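Once you've looked at the hints, dock chain U against the given chain D.
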Amino acid sequence: MKVDIASHPRLEQTLGALLHYGTIFASCVIASGLALSLDAGATGWRVATAGLVLFILLPVVRVAAMLILFLRAREYRFGAIAALVMSIMLLSFFLGTP
Amino acid sequence: MNGSLELWLFAVALGTSLLGGLLGMASGIFIVPILTIFGRIDLHTAVGASLISVIACSCAGAAPFLQDRLTNIRLAILLETATTFGALCGVFVAGLIPPKYLFVIFALILLLSAQQMAARRKEPPRAKLAGASDLDLGCAVQRLPLGMALMYGAGLISALLGIGSGVLKIPAMDTALRLPIKVSSATSNFMIGVTAAASAGAYFVRGEILTPVAAPIALGSVVGAVLGARILMKVPNDKLRLMFVCILVILSAQMMLAAFGINLIEAAP
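Line by line, the protein sequences give chains D and U. According to the numbering used here, numbering within the first sequence proceeds without interruption in unit steps and concludes at 98. According to the numbering used here, numbering within the second sequence proceeds without interruption in unit steps and concludes at 269.
Treat the hints with caution; some may be incorrect.
Interface residues of chain D toward chain U, partial, derived using beta-carbon atoms under 8 angstroms [stated by the list, open to error]:
hint: 1; residue: Glu12
hint: 2; residue: Leu15
hint: 3; residue: Leu19
hint: 4; residue: Thr23
hint: 5; residue: Ser32
hint: 6; residue: Leu34
hint: 7; residue: Thr49
hint: 8; residue: Phe55
hint: 9; residue: Leu58
hint: 10; residue: Val63
hint: 11; residue: Ala83
hint: 12; residue: Val85
hint: 13; residue: Ile88
hint: 14; residue: Met89
hint: 15; residue: Leu91
Think of the hints as simulated: they come from the structure by calculation, not from any bench. Treat the numbers as computed from the prediction; the structure is a model and nothing was measured. For every residue, glycine included, the Cβ atom is placed at its ideal position computed from N, Cα and C.
Bound-form chain D, shown alone (with noise of 0.2 angstroms):
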């Protein structure tokens, strides 16, 4: 099975950009919450405490977005491993519940 590539070049691009926007936004969040912990406290950690979320979620949405791709591209047995993946991501964390 060769998967021809060409057809849908943009596929790796956009995953390196969503990755690369995505550490910097994520990045930025934190250092504005560490910065307003010396100040503000509590309300400083809540907010390095998102940019610790979105870190989290940063692959989740990475995973997601393949799906999105690979279903476009009419690769259904790649979305299908892509849904598979991103469910066990779920899982785990309700799972993680106490």
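Quick look at chain U alone, frame taken from chain D:
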């Protein structure tokens, strides 16, 4: 708050991610021992923070690899079914294993890493230099079950110890799947973020990711990963390698002692 702990954590994450990037391994394997041995931070807290560092390094480093088409994203998503499932299992087991045994497992993984670093990686025989993006399943499929089993183990260990588990992924990629080194490094880096996120989410929900520890670690990791990618080519590799073999062995010995409650090193911050 006094900022000294945060600064120390930031510096540790920056340093380990930078050096980890130079050596092509994830920072997690250094962060947990440093936090527990020098920082006297509780093991579960250290593992939680380290998982955040692994995600940050993976996400921060992924874009250039994707741009160069070194990442095999189809193989990655396929193997991620095994790594995330391993992580899911690891999250459950982590709560049941006493920290004492986790220290022992960590010590063994450190030794294994030292051994892998000492025996430099060779290009696997018959490595296909075909474009990373096309997944020729016909070639890999016979060994795929072995690869998947190793990936499941990698996910499990990653969730237990808060590391990227490159130590298990690399043999899986090299021996079982026979990918060229550059492709397997890029693909592994792409995968560890998803693997770590699967367990980091559960750790977060359980309240085991403490913001004052994890936030400076995350920032330091991003900065370290970005700098590490810049200077990748300029450092003579052999001396660095030898130095790290020694550091890994020392950390392994200290982690083993820590399992029995002995800490020979003074607390740092």
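Subject >> Evaluation of the interface hint that places Ala83 of chain D against chain U, nearest CB under 8 angstroms >> reply: 10 angstroms, violated
Subject >> Hint check: 8 angstroms Cβ-Cβ cutoff, Leu15 of chain D to chain U >> reply: Leu15 of chain D check passes; min Cβ-Cβ to chain U is 6 angstroms, inside 8 angstroms.
Original post:
Per the CB criterion, is Leu58 of chain D less than 8 angstroms away from chain U?
Top reply: Holds, about 5 angstroms.
Original post:
Taking 8 angstroms as the limit, does the beta-carbon of Val85 of chain D come near enough to a beta-carbon in chain U?
Top reply: Hint holds; Val85 of chain D Cβ to chain U Cβ min 5 angstroms, cut 8 angstroms.
Original post:
Does the nearest C-beta of chain U fall within a distance shorter than 8 angstroms of the C-beta of Ile88 of chain D?
Top reply: 4 angstroms, holds
Original post:
Can the hint on Glu12 of chain D be confirmed by a CB-to-CB distance to chain U that is less than 8 angstroms?
Top reply: 4 angstroms, holds
**OP:** Would you check whether Leu19 of chain D satisfies its interface hint, that is, whether its CB is within less than 8 angstroms of any CB in chain U?
**Re:** 5 angstroms, holds
Original post:
If you take the shortest Cβ to Cβ gap from Val63 of chain D to chain U, is it below 8 angstroms?
Top reply: 6 angstroms, holds
Original post:
Would the hint on Thr49 of chain D stand, with a C-beta cut-off of 8 angstroms toward chain U?
Top reply: Result: holds, 5 angstroms to nearest chain U Cβ.
Original post:
Does Ser32 of chain D pass the interface check with chain U, least Cβ-Cβ distance below 8 angstroms?
Top reply: 11 angstroms, violated
**OP:** Let me know if the C-beta of Thr23 of chain D comes in closer than 8 angstroms to any C-beta of chain U, holds or violated.
**Re:** This hint holds: Thr23 of chain D lies near chain U, its Cβ roughly 5 angstroms from the closest one there, short of 8 angstroms.
**OP:** Return the status of the interface hint for Leu34 of chain D: holds when the least beta-carbon distance to chain U is below 8 angstroms, violated otherwise.
**Re:** 6 angstroms, holds
Checked against the numbered hints given earlier, this structure breaks hints 5, 11; the rest are met.
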